[in-house]
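Chains as they are written, first to last, in this note's numbering: chain L, 1 to 363; chain V, 1 to 363.
It is worth saying that the hints were derived from the structure and are not from the lab. One should not assume that every hint holds.
Intra- or inter-copy, both count: the list cannot distinguish identical chains.
Said to hold, decoys possible - Subject to a maximum C-alpha distance of 20 Å in a straight line, what follows is the list of computed SDA-like cross-link-like pairs (lysine to any residue):
1) 346 / 68
2) 346 / 290
3) 258 / 65
4) 174 / 206
5) 174 / 244
6) 346 / 325
7) 361 / 186
8) 361 / 302
9) 348 / 323
Listed below, chain by chain, are the residues.
There are 2 protein chains.
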Amino acid sequence: MEHKYAVIMAGGGGTRLWPVSRKERPKQLLPLLGQETLFQDTVNRLENLLPPERILVVTVEEQAREMRVQVPSIPEENYIIEPAPRGTASVVGLAAAVLQKRDPRAMMAVLTADHFIRNRDLFHYLLRAAFEVADNDFLVTLGITPTHASTGYGYIQQGERLDGTYNYPAYKVKSFREKPDEATAQKLLRSGDHSWNSGMFVWRVDVILAEIAKQMPELSQAVRKIAAAWDTPQQDEVLKENWQDLKVETVDYGIMEKAERVAVLPAGGLGWSDVGSWESLFEVILPDMNGNIATNAAVHLAHETNNTLVYGTSPERLVVTIGVDHLVIVDTEDILLVCSSDQTQKVKDVVEHLKKHRQEKYL
Amino acid sequence: MEHKYAVIMAGGGGTRLWPVSRKERPKQLLPLLGQETLFQDTVNRLENLLPPERILVVTVEEQAREMRVQVPSIPEENYIIEPAPRGTASVVGLAAAVLQKRDPRAMMAVLTADHFIRNRDLFHYLLRAAFEVADNDFLVTLGITPTHASTGYGYIQQGERLDGTYNYPAYKVKSFREKPDEATAQKLLRSGDHSWNSGMFVWRVDVILAEIAKQMPELSQAVRKIAAAWDTPQQDEVLKENWQDLKVETVDYGIMEKAERVAVLPAGGLGWSDVGSWESLFEVILPDMNGNIATNAAVHLAHETNNTLVYGTSPERLVVTIGVDHLVIVDTEDILLVCSSDQTQKVKDVVEHLKKHRQEKYL
């Protein structure tokens, strides 16, 4: 795995796991699924694949402080601090340019800090295969084989299978699709040739930078200037100067959709989740035989209770449920959430409402 | 209202409103329905009808301390402290004997400290009428006109209407019935001549003492001895001595069922509730237009939520519900209860379970 790097994107806020995820404590910095935070889990998942010196983290200053505490093994110079959020295309461009300066032959896997993957062995196997494909000048995306007709993810349609002696089936990408409506999602699920877009990518830095130069010339110029000053005393000043006017753009829309040499490796059985809602925890934590989950510090006494998740923050508190089904109960110090498990996406409505009414202490 | 007294029975524990009602904090001493506790409400309900000097309280020592704090207006000598619980028949016998010693022409209304009555004016009107009927040697029970086929109350069947110029319809009691099963309750509801047994009674002390002498001669002898020593230095000693061997018996079973001259005044529209479960609060507190109730210190933000009660104990905590219906949420300092509103009677199963496993701190 020489010349191979991981770039962990960790800038996001995210309100969908409110009230645990808060302005000051974003989702990736929380122990949602056990002892480790999602960020720690993302780093530890790379163990035996990449050493910490070859892991870069792109984030904002407020989060970097906590990240350095949670994962002290990553060297300080591997933190790239965004002065302000400018979208994933900018992040990818900057990370690629910085990496290229340090190692012209670098390849990078773009990962997110707030996703969960159960099957580490398969993940390693898949990443190795993706690096192989990427070495042949492809921009590689990792697709997730759909398990249901989700309207919450973008989809990738695969075309012909790539030639070559890859250890894992790889396909040319035929098209990217935005999040579909319910009926379309059903159709895509049945089609058999669509994967969810996991937001994980693998490529050589020279290949992605060439694509950026072609499709986003302004971004290309900016990251070239920034990279020239990187690891010099002018680094922060030049970064700030060239960052502020960048257009906010996603890597999918800004680069991938119009690129030509794009491949997808569809993965089933990865146990992947974007942990994008309280309901999603039912996919990544093994429930008891009644379908109940007690997680974090929850002490749950369940009486005639099924398919109910209790997230508790104090082992001193007893949570008793009687005669309920399909509930999510999130018991924090200052906020209690009780939500039907199929409506956890509406948590964001409540956060919007609190924002509108300036309830800062609850945000 | 000369010679007329109220005797408030306040000994019970009760686990049906757990986790708010606890071993150390029984239901009647809690502000379940607003600012006042049920005990305070019971006393205040008698305002403009009986002065505090003519209100007696029968309770146990542990509760008397808190009661004196909550209602300082009741004179110390009006507290009758049971050395140990011996059932309502014993309480009634003792109170009647003590009252007779102080005022041989006394009449008493037996009330409970942990019920709720919304319509105070009607309650006063009804009590005045009951005293009138009782003055003609009747043992009077206050019946509650059923609003649904409850299996949680005993029933009283009325017979012929009493002669006399009473200001309220009074009937001879035909029979008492224990708590019925579902089918019987339906039949009793349709019958039109059955009331719920509210546990409130009115009689002259000489009449009830004569009935006790006839039906429960041992109790009669005991309370006679106790009354002789009452308001003397020997009071406590004699009470203890004669109390300990008394048979535990209810006033209904021990006295009323076999008495001959028993009347019932059936009351509709009293807004009565025995506050016997969390669900019962929906009957006594006006919900908002979605059927939701936020009570005590609860701050409730309801999103697509109906028929849900939130009982909170801290105004600093925000309770958010999304997409739920028919729930009871009781949020105390150390216990959170989330219960389907039609299964709140199962709270007692949980209390039993905690008892069995010696979780003293949660009882």
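Contradicted hints - numbers only
1, 3, 4, 5 and 7
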